[in-house]
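Student: Chains as they are written, first to last, in numbering that gives the first Met the number 0: chain A, 0 to 398; chain B, 0 to 398.
Keep in mind that a hint or two might mislead.
Note that identical chains are pooled: a pair holds if it fits in a single copy or bridges any two copies.
Below, computed lysine-lysine pairings styled on BS3-like, alpha-carbon distance capped at 27 angstroms [as the list claims (entries may be wrong)]:
id, residue 1, residue 2
1, LYS192, LYS137
2, LYS192, LYS290
3, LYS58, LYS374
4, LYS335, LYS192
5, LYS255, LYS335
6, LYS74, LYS383
7, LYS255, LYS390
8, LYS364, LYS255
9, LYS162, LYS5
10, LYS137, LYS364
11, LYS137, LYS5
12, LYS31, LYS364
13, LYS74, LYS58
Honestly, the hints are just simulated from the structure, not real lab data.
The structure presented is a predicted model; accordingly, all values stated were derived computationally and were not measured.
Protein chains: 2
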Amino acid sequence: MPQVSKKGQVMPASPIRRLVPYSDAAKARGIKVYHLNIGQPDIETPRFALEALNDYRWKVLAYTHSAGEASTRRKMTEYYKKWGIDVTEDEIILTNGGSEAIQFAFGVCLDAGDEVIIPEPFYANYNGFATESDVVVKPIMSFIHRGFALPSIEEFEKVITDKTKAIMICNPNNPTGAVYSEEELHQLAELVKKYDLFLFVDEVYREFAYDGKYVFPALNLGIDDHVIMFDSVSKRYSACGARLGMFVSKNKEVMKAAMKYAQARLCPSAFSQVFAEAAVDTPDDYFVAVKNEYLARRNCVVVGVNAIPGCFCPTPRGAFYAVARLPIDDSDAFCKWLLEEFNYNGETVMLAPATGFYSVEGMGKDEVRISYCLKVEDLQAALKCLDEALKVYPGRVHF
Amino acid sequence: MPQVSKKGQVMPASPIRRLVPYSDAAKARGIKVYHLNIGQPDIETPRFALEALNDYRWKVLAYTHSAGEASTRRKMTEYYKKWGIDVTEDEIILTNGGSEAIQFAFGVCLDAGDEVIIPEPFYANYNGFATESDVVVKPIMSFIHRGFALPSIEEFEKVITDKTKAIMICNPNNPTGAVYSEEELHQLAELVKKYDLFLFVDEVYREFAYDGKYVFPALNLGIDDHVIMFDSVSKRYSACGARLGMFVSKNKEVMKAAMKYAQARLCPSAFSQVFAEAAVDTPDDYFVAVKNEYLARRNCVVVGVNAIPGCFCPTPRGAFYAVARLPIDDSDAFCKWLLEEFNYNGETVMLAPATGFYSVEGMGKDEVRISYCLKVEDLQAALKCLDEALKVYPGRVHF
Chain A
0 MPQVSKKGQV MPASPIRRLV PYSDAAKARG IKVYHLNIGQ PDIETPRFAL EALNDYRWKV
60 LAYTHSAGEA STRRKMTEYY KKWGIDVTED EIILTNGGSE AIQFAFGVCL DAGDEVIIPE
120 PFYANYNGFA TESDVVVKPI MSFIHRGFAL PSIEEFEKVI TDKTKAIMIC NPNNPTGAVY
180 SEEELHQLAE LVKKYDLFLF VDEVYREFAY DGKYVFPALN LGIDDHVIMF DSVSKRYSAC
240 GARLGMFVSK NKEVMKAAMK YAQARLCPSA FSQVFAEAAV DTPDDYFVAV KNEYLARRNC
300 VVVGVNAIPG CFCPTPRGAF YAVARLPIDD SDAFCKWLLE EFNYNGETVM LAPATGFYSV
360 EGMGKDEVRI SYCLKVEDLQ AALKCLDEAL KVYPGRVHF
Chain B
0 MPQVSKKGQV MPASPIRRLV PYSDAAKARG IKVYHLNIGQ PDIETPRFAL EALNDYRWKV
60 LAYTHSAGEA STRRKMTEYY KKWGIDVTED EIILTNGGSE AIQFAFGVCL DAGDEVIIPE
120 PFYANYNGFA TESDVVVKPI MSFIHRGFAL PSIEEFEKVI TDKTKAIMIC NPNNPTGAVY
180 SEEELHQLAE LVKKYDLFLF VDEVYREFAY DGKYVFPALN LGIDDHVIMF DSVSKRYSAC
240 GARLGMFVSK NKEVMKAAMK YAQARLCPSA FSQVFAEAAV DTPDDYFVAV KNEYLARRNC
300 VVVGVNAIPG CFCPTPRGAF YAVARLPIDD SDAFCKWLLE EFNYNGETVM LAPATGFYSV
360 EGMGKDEVRI SYCLKVEDLQ AALKCLDEAL KVYPGRVHF
C-alpha cells in the first residue's frame, strides 16, 4: 500500500475540530453541549445579501475572472474606503475564504524552509498552511499576564535569521482578542523595513474592537511593498459558509505572482461573490447591534471566568475569543473529560485546548480558548458548567 | 523591497488565460473574437439546480462540515452509483473545484522533490499545482499521430525512480480528448501495484465520451488503496462558476490526511454545495442533448481543421477539446498574431498554444488546443478565420 507523504502525516489536525467525535458521543447520550470551542457566530446573516442570490439570473454559471469579478472587487474598494483604506480593484484578489489568501501568501513569498515569525498563541490553522507549503513557523511568545500584548521588537529581532521572509500577525487577534496599537504597528513597520521582510496581517476581525479600540489598517503603515492583508466576509457578515476571502497588497510583484496562483485554481465561487458584493451594503446599524451583542458576551465571559476560583481571563479587546488560564493539569485531557465524563444537570461545555494554538510543545496546557459566539444566557449556563466541572475534575491543580 | 519566492517566480502563468490582454485589445478595436481557447461551455446550467438556492432559507450561513455537508456527499454517492461506482460518503471530500482535489492529492501523497509521472500534453494547471507543492512532474510523451493514446507501460517504467510516488492521468483527457480503454487502465493498475504507487485519475469529463466509448472508472480497478479520483460539477452541469469538486478515495490513511487539509481551510462554499446537491437530480435527457450537441461540434472541428491544407487533427473521443497540428513556426507567436495583427472581415479566433500543455521545452510549437465549447455556426466562422489566417501568417511553414 502506498504511504501518505511525511507532510500528510505531520499536518496538524484542527484543535478546534478534533474533539468533535467526543461531543457527538455526548450528544448521543442526551447531554446538552455548549459550544465555546468554535468561532461560528449565531448572529443572523444579513438577509438581503443572501437574497441577492435569488435575484441573480444565470443562464450559464461560468468561470469568473480569476481574481474575482471586477464588479465585486470594485465594491470591496468601497468597503475599504469606509475604513480609510485606499486600494484599487487590481490590488485585491478574491479567494476561497481567508484561508486561501494565507496559502497564496505562503506560496508567493516563502520557499520551502523559509521562516515566518508569528507571535503565539496564534490561529491554529496557520500551522497547517505552513506545513502544506513546507514553511517554518518561528513562534515568539505573548503572555497571558500581559494581556497577550505584542512581543517587543527585541523579541522579534532575536529570532530573525537569513531564512526569515515574513512576520505574521492577526489583528484583532484570534485566539487572544488582543488589538495592537498604531504605535506597535509602526514599530513592526520599521522592523520589516530594516530587515526587508513581508508583513502579513490578518484583519478578518476588523469590525470587532471594543473599549474605544480601533484597528489601525496595516495597509496604511506607509510600507506598501511589504504588506499583504488577509480579509474575509466570514465573521463580518456572519457568513462563514460563504468562504470568500481577500488577498490585498500594493506590491505589484506579489500581485503578479499571486495572480498565477489564482489562475491555476481558476476562480472563487460565483455564488459567494454575488453574496459578498451585496453584503458590502449592509447598513451600519447592523454592526452597531452586533458589536453591542458581542460586548455583552465578552463581559459575561470575562467576569464569569474570573469569578471562578483559580481561573484568570484577561480582557480581550477585539474579535470574539478569550484565552483563559484554568487550574488544570492538561487542557487536552480536561476538554475531553468535559465531554466524556462530566455533566452538570445534563449539560456540559466544549472548549478548545490552547495547546493547539501554540507551536512550542507543552505551552497552553493550563489554558483554553473560549469563543463567545453564543448568547449571554447560554454563556452563563456554560460558565456554570465550567465552574462545577473544576470543582470535581481529577486533574485540578492549585496555583 | 522584499522579493517574491522562487516558487512564486517559476509558477507558470496559465497558457489558457495569458493571452487575454491581447484578446481584450482586439475587442477594443472592434474585432469579434471566437473563443476556442477556453473550456467554458455555453450550454445552459440546469435551471432547477440554480433555483435550489432560492428555496434555501439560511438564518446563519454557517461553516459546513469540512468534508462538505453529509447530505451533499450522500447525494454524490447516488450519482456515482449510476455510473457503477460504489463509494460511501466517508470516501468523498468536497473541494473548492477539482483544482483543490488535485492540490490535496499532491500534498497528501508527495513530499517536496517527489515525482509524479504524467503523460503529456496535459492540463496546464497540473504544472502550477506541482510548483505550489514543490512536486516534480516527470512527463512521458503521447503522440498526435497515435491519437494521443496512453503511452506504453514500458514508457512509464522507464521514468520510474525511487522518488516516484504517483502516476496521474486525465480520462477523458484534457487537452487531447483521448479516452483510455479498460485494458489500458488495467495495465496501469498492474504497474502501480508493482511499484506501490498512487494512481491519480481526473475524471471530470466522465459524461463526455463519444463513438460508443465508455469511461471505465478508476475506482473500479480493484486497487482501492492506490486510487484517488478527482471530480467536479463544472463541466458536467455547465457550472464552472460553482467551483465544487470532489476528492474520492477508498484509502483510509489518504482520507485521514486529506481531512486535515480540508479542516485547515474549514469548508467549501455552502452555496455551491446546495447547488451541487440539487444538480445530481438533473434528468438523463439533459445529458443526451448536451452530448449530441458536443458530438456535432466535435465533428465540425475535426472535419473543418483537417480540410485546411497542412493541418491535422486526430479525432477526440471524449471531453470537448482537440489538439491540432498546424503549419506554423511557433504556436505562441501564432496565437498572439491572430489577436494582434489578423482579422478576416472583422473577426478572428483565439486558440490556446499547445506549448503550455507540455512540460518539455520546445514541444507543442506546431500545435494548438481547440476547445469546442461554442455552437456549430460559431465554430464554422472560427475555422474560416483559421483557414484564412494560415494563408497569410508570416511564420507559416511547409511540412
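Student: What are the numbers of the hints the structure violates, in ascending order?
Tutor: Violated hints (numbers, rising): 2, 4, 6, 7; every other hint is consistent with the structure.
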